[in-house]
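J.: Sequence:
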Amino acid sequence: MAIAQNLVPKAMAIDFGTSNTVIACWNPSTQQTETLTIPGLSTQTQPNPPLVPSLVYIEEATQGLFLIGQEVRDRGLDLEDEKRFFRNFKRGIGAEIQGFLPEIDGEVFTFERVGEVFLNKIITQLALRQKNLDCLILTVPVDSFEAYRLWLSKICQILPVDKIQILDEPTAAALGYGLADKEILLVVDFGGGTLDLSLVRLHQNVQAKKPLGFTLKWGNKSLAEEARQKPKTACVLAKAGQNLGGSDIDAWLADYFAKTQDIAVTPLITRLAERIKIQLSTQNQGAEVYFDDENFRTYQLELNCEIFDNILNERGFFACLDECMTSLLQQGRRRGVDVADINAVLLVGGTAQLPGVQRWIKGYFEPEKIHCTNPFEAIAQGALQLAQGMEVNDFLYHSYGIRYWDYRNGRHGWHSIIKAGQVYPMSDSVELLLGASSQNQPSIELIVGELSTSASTEVYFDENNLVTRSVHSGVTRVKPLNDNLGGRIIARLNPLGYPGSDRVRVSFHVDKERFLRISVEDLLTNEILLENQLVAQLG
Numbered sequence: 016m017a018i019a020q021n022l023v024p025k026a027m028a029i030d031f032g033t034s035n036t037v038i039a040c041w042n043p044s045t046q047q048t049e050t051l052t053i054p055g056l057s058t059q060t061q062p063n064p065p066l067v068p069s070l071v072y073i074e075e076a077t078q079g080l081f082l083i084g085q086e087v088r089d090r091g092l093d094l095e096d097e098k099r100f101f102r103n104f105k106r107g108i109g110a111e112i113q114g115f116l117p118e119i120d121g122e123v124f125t126f127e128r129v130g131e132v133f134l135n136k137i138i139t140q141l142a143l144r145q146k147n148l149d150c151l152i153l154t155v156p157v158d159s160f161e162a163y164r165l166w167l168s169k170i171c172q173i174l175p176v177d178k179i180q181i182l183d184e185p186t187a188a189a190l191g192y193g194l195a196d197k198e199i200l201l202v203v204d205f206g207g208g209t210l211d212l213s214l215v216r217l218h219q220n221v222q223a224k225k226p227l228g229f230t231l232k233w234g235n236k237s238l239a240e241e242a243r244q245k246p247k248t249a250c251v252l253a254k255a256g257q258n259l260g261g262s263d264i265d266a267w268l269a270d271y272f273a274k275t276q277d278i279a280v281t282p283l284i285t286r287l288a289e290r291i292k293i294q295l296s297t298q299n300q301g302a303e304v305y306f307d308d309e310n311f312r313t314y315q316l317e318l319n320c321e322i323f324d325n326i327l328n329e330r331g332f333f334a335c336l337d338e339c340m341t342s343l344l345q346q347g348r349r350r351g352v353d354v355a356d357i358n359a360v361l362l363v364g365g366t367a368q369l370p371g372v373q374r375w376i377k378g379y380f381e382p383e384k385i386h387c388t389n390p391f392e393a394i395a396q397g398a399l400q401l402a403q404g405m406e407v408n409d410f411l412y413h414s415y416g417i418r419y420w421d422y423r424n425g426r427h428g429w430h431s432i433i434k435a436g437q438v439y440p441m442s443d444s445v446e447l448l449l450g451a452s453s454q455n456q457p458s459i460e461l462i463v464g465e466l467s468t469s470a471s472t473e474v475y476f477d478e479n480n481l482v483t484r485s486v487h488s489g490v491t492r493v494k495p496l497n498d499n500l501g502g503r504i505i506a507r508l509n510p511l512g513y514p515g516s517d518r519v520r521v522s523f524h525v526d527k528e529r530f531l532r533i534s535v536e537d538l539l540t541n542e543i544l545l546e547n548q549l550v551a552q553l554g
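The letter at position 298 of the sequence shown is residue 313 when you use this note's numbering, and the numbering goes up by one with no holes.
Calculated from the structure, these hints are not laboratory results.
Using N, Cα and C, we set each Cβ at its ideal position, and we do this for glycine too.
All clues given are correct.
Cβ-Cβ distance ranges computed for the label pairs, FRET-style: (1) E329 / R290: 18 to 24 angstroms; (2) D149 / P370: 39 to 45 angstroms; (3) K169 / Q294: 36 to 42 angstroms.
Simulated pairs of lysine-lysine, DSSO-like, Cα-Cα distance not exceeding 27 angstroms: (4) K377 / K197; (5) K494 / K527; (6) K494 / K169; (7) K136 / K169; (8) K178 / K527; (9) K25 / K169; (10) K384 / K292; (11) K292 / K274; (12) K98 / K292; (13) K25 / K178; (14) K384 / K197; (15) K98 / K136; (16) K136 / K178; (17) K494 / K434; (18) K25 / K136.
Construct the entire structure; sequences and hints are all you get.
T.: Pasting the structure below:
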């Protein structure tokens, strides 16, 4: 077996998770994807693969002394009840913060800053060992806003890599399970912070001429030659998400023990609750011992599967799961796919391994269709398929609109111009005609926003403890995309504008890379003021 080394793409994928982060790369020697171990940062717990716990401890901010991953646990700092320790910080990135952010060594630490500390340390270590990378693929939850995706891609700019791509986590998982003989797959990605469902169709185009991007010679026939005959395409048919995950369950169990044992909720209690939850993934009873060193008392924390399911029911856990599944299946039916058409259900993430979750899944699908053999690595390893030539046809999860003044209610509102579910690249542009609102108006401004009515994450601090929770308000959330100095001006008018007539034609288009672009024509002068101008990359 010979390898054309100059044609093998040096690619890496990072699955940044709420609880754990996974890094994968393509090994040209074995022709397989492999999960990377970062010494000191990755766990070495069998039978699980090497994972980097998504934890940060700030030793000395001014000197740049930060601990992340397993080194935090090795020193027992994840059990400290103080503001220098951060977990679940991924959920706070891009969320509105209630109350004050912690100030550490004279520096205010936002969740974006904490996430930057975490990923920078990982990327710095990877850059030392992974030379001359061609491609980096980052995975994101389906419900993530454009602001989160942009933040994530900026963090990775320090890597000497030409191409950075972003892929939805459940779509990557569908590729990572390697079920090439299955056509329609449902991915249930249930990790520490989010529940993401994705319905994906894998198919082959025998007429395609595009190679997969690397060559392996098997005798006289290369894999690239075979790929030109049968390249695969992943078409995303439907997707749905919730801000709900294992960290919420840990908090619920900690509250349960606090009430039944009359103890305070601390990081240690939450950690013990997490361990009991993990035990209940493989056995009917879980238990941990808690020693209160202030009162010199020992507590036996115990839980069985029946009580565990009761806690989940009381919190509306399974109702949220049903809501998400109903939304996904409705989308699928609109695309001509019924429940019986789904060939396989792939379970991804630690929370998907809970018996209660698996029983819930079996309420929708036959057991023989359900697969849970690669729950931790499927996302990162599947994302590498992009570097090997896999094509993904996707659609926009959120709607996008423009801000307008609602004279009747005396406040700003949002008018949707691109609906959720829009396939990209768009075959046709969306056009608007706009006029001046005042005499001698020098320019026309337009604010474009990302719209969502899904659950939001509320983030706040209870003393020194970070608290995140999912809030179902039913109110449309908006993330402006171009609301910055100079960014909202789309047309400078010469001659000056006046009310009473349409002055500019604005065309909106989403390209194959998911970039929203606009073109602007001055109707008075017939001048093109903007042509295919980039606004933002959409989610």
